[in-house]
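Asks: So the protein lines, in turn, are chains A and B.
Per numbering that gives the first Met the number 0, the first sequence runs over residues 0 to 397.
Per numbering that gives the first Met the number 0, the second sequence runs over residues 0 to 257.
What the hints contain is simulated information worked out from the structure, not anything from laboratory work.
Hints may contain errors.
Partner residues are not named here, just some residues of chain B that face chain A (Cβ under 10 Å, in silico) [what the hints assert, rightly or not]:
#1 Tyr103
#2 Val171
#3 Thr172
#4 Ser190
Below, computed lysine-lysine pairings styled on PhoX-like, alpha-carbon distance capped at 25 Å [claimed, not checked]:
#5 B/Lys68 to A/Lys164
#6 B/Lys36 to B/Lys230
#7 B/Lys230 to A/Lys276
#8 B/Lys240 to B/Lys80
#9 A/Lys276 to B/Lys73
#10 B/Lys74 to B/Lys240
#11 B/Lys36 to B/Lys8
#12 B/Lys74 to A/Lys276
#13 B/Lys230 to A/Lys164
#14 B/Lys107 to B/Lys80
#15 A/Lys276 to B/Lys10
#16 A/Lys266 to B/Lys8
By construction, the Cβ of each residue, glycine as well, lies at the ideal position given by its N, Cα and C atoms.
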Amino acid sequence: MTTLLPHKFGPYGGQFVPETLMPALIELEREFVSARNDPAFNAEFDKLMASFVGRPTPLTYARRLSEKLGGAQIYLKREDLAHTGAHKINNALGQALLVKRMSKKRIVAETGAGQHGVASATVAALLGLECVVYMGSVDIARQEPNVFRMKLLGAEVRPVESGTKTLKDAINEAIRDWVTNVRDTHYLLGSALGPHPYPTIVREFQSVIGREAREQMLMDAGRLPDTVIACVGGGSNAIGVFSGFVKDESVELIGVEAGGSGIISGKHAARFGDATKARVGVIHGTRTYVLQDENGQIAETHSVSAGLDYAAVGPEHAMLRDTERAFYTSATDEEALSAFQTLCHTEGIIPALESSHAVAEVIKRAPTMRKDQVILVNLSGRGDKDLNTVIKELGQNL
Amino acid sequence: MNRIENAFKNKPIFMPYFPLGYPDLSTSIDVIEALAKNGADLIEVGLSFSDPLADGPVIQQATQIALEKGITVKKSLEAVKELRKRGVTIPLILMGYYNPMLAYALEKFIDDAREAGADGFIIPDLPMEEAEEFTLVAGDMPLIQMLAPTSPDERMESIARNAKGFIYLVSVTGVTGARSSISDSLGDLISRVRSHTSVPVCVGFGIGTPEQARQVGQLADGVIVGSACVKAIGGDENPVKAAREFARSFREALNLSS
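Can you make the complete structure from the sequences, with help from the hints?
Replies: What follows is the structure, given as structure tokens:
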């Protein structure tokens, strides 16, 4: 069987799923290809992206942060201002429109930080679909506001108690539901991972970030950025913004993984940062870099941000890293929390803890750059959902 | 005649699944030996994985316990060798997810499995599209192909055409685990598969009782029982005795359907 779209990114990607799901993946790919060639589909998507999501999201020049750091000029792509407060809505809306085309009535989704769960619940309400969101019980405890939000939007939130009770286990449960109900259910996967065609579909629906940002940079700064920085969990916001610049060879692309308590501590989610624990493997339908033990069991990960707390990385990032088109680094919990506060104070923006990892890299990097250089950072989401975590972490220091 | 072909001489055959390392390694070896010597014709020997996405709660919990007790691919292969030493002569098929095999190194895994006395592999997350790198190395050791109720005819044909050993037909959409009844459409599904291949067709997923096994045995060449086997044996105070009784009850039921 051959696929309509490339199903691998170099040696990464592929379709490592039970046979029961293969026909659904083939149908999804076919539907996606036909939808993208259908002007009516694209018109409906674009219209809702403007009238419902609120696109284009602004590009904000971070004047005070740039001055404080004393180096490169910093621009923020404001995905935090998209409806529901993060970039996740772009992909959720696109896939939900595909679900309508496939005449399926029910979606299941996984969520870590809750942003993809909220986005899925939102588009399900908008389009009249039944929605079940799987969420690890550890994540439910640390992202409570988003759990309420999903329920208000009419979704059922099913706590996942298996394994490490985080994003990885939520994906397992979503896949188990999907394999059981595949005839009437679509798995609305929220990141650029999983089996083909998901990494490609998610990138395409998120590529609006990069397209808009590139135009806005040219318009506002009169030039392309020298460096684009984004946080990388599964990697959907990063692949979305990178896709706008990947052909501009002068633009450096930097992904920031969760450094947790530090690489040496072993408590982190830095798939590219820890050669002792990360090897190429297969998880959730895709071949990519996976944090695992020497026996091939998937490792427990740690991050203060639920959205980055995942043992594998999207397969396209694995290829971009091998080909050195993008570079990957990490920020620790502490650095992310500090960056979180810095952005609050200097720009009046409360970023998501995930996005704070990207800001932490800006704080390290901008002072080493010249004042006529430009950094674009993708501010993937807003931080309201993280207030409980931040209060707990910072305590009296706040 | 190899062990797998030999096993299908008296159809329908009984194929229980049991994971090595559950409830502990030495008990699991005793259990598999007891299954083999009390009526099982072929055993699916389970290799544990932290993220078994095709499995229901019973097998999830059992393999989780096996991992907590320290099971590894290496120890599992040593256990297969031990079973051969104890005079187990029926086919032993290793059933597990792909990542631990990759971590062990594919070539070494297949070599060591052959050396230990395994007869083939079932890998639920390795569909036809991705199987080539495995089958090229595996040579004459069959990678058992799975078919599902959702597989369209064209796909069924291309999978069945290249099938070796037997076909593992997943009887229901879903994860492993017993169901309350056998689907009415199973006969049609089996006929569809048979129209594409002459290798034996075995049915798994959802079969929990000897009576269900008897019904399926009237249609299929083999009956695969996983979760019900794990539950009945793992939940018993004397797992080896439970294994003997479990195997005998299914064997007797299947004798009635032949």
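Asks: Using the nearest Cβ pair, does B/Val171 come within less than 10 Å of chain A?
Replies: Nearest chain A Cβ about 8 Å off; hint holds.
Asks: Take the C-alpha atoms of B/Lys240 and B/Lys80, compute the straight-line distance between them, and say whether it is at most 25 Å.
Replies: Holds. B/Lys240 to B/Lys80 sits at ~22 Å (cutoff 25 Å).
Asks: How about B/Ser190: closest beta carbon in chain A under 10 Å, or not?
Replies: violated (18 Å)
Asks: B/Lys68 and A/Lys164 were given as a pair; does the straight-line alpha-carbon distance stay at or below 25 Å?
Replies: Distance ~20 Å between B/Lys68 and A/Lys164 Cα, so the pair holds.
Asks: Would the pair B/Lys230 and A/Lys164 pass a check requiring their Cα atoms to be no farther apart than 25 Å?
Replies: holds (23 Å)
Asks: Would the pair B/Lys107 and B/Lys80 pass a check requiring their Cα atoms to be no farther apart than 25 Å?
Replies: Distance ~15 Å between B/Lys107 and B/Lys80 Cα, so the pair holds.
Asks: Would you mind confirming whether the straight-line C-alpha gap from B/Lys230 to A/Lys276 stays at or under 25 Å?
Replies: violated (34 Å)
Asks: Regarding the pair B/Lys74 and A/Lys276, is the alpha-carbon distance no greater than 25 Å?
Replies: Measuring from Cα to Cα gives roughly 21 Å; hence the hint holds.
Asks: Check the hint pairing B/Lys36 with B/Lys230 against an upper bound of 25 Å on the C-alpha distance.
Replies: This hinted pair holds, its Cα atoms lying about 20 Å apart.
Asks: Given the hinted pair A/Lys276 and B/Lys10, is their Cα-Cα distance within 25 Å?
Replies: Given that 25 Å is the threshold and the Cα spacing comes to 47 Å, the pair is violated.
Asks: For the pair we were handed, B/Lys74 and B/Lys240, check the Cα-Cα distance against 25 Å.
Replies: holds (24 Å)
Asks: Quick one, are A/Lys276 and B/Lys73 close enough, alpha carbons at most 25 Å?
Replies: Between A/Lys276 and B/Lys73 the Cα gap is close to 19 Å, so the pair holds against 25 Å.
Hints 4, 7, 15, 16 from the earlier list are contradicted by this structure; the remaining hints agree with it.
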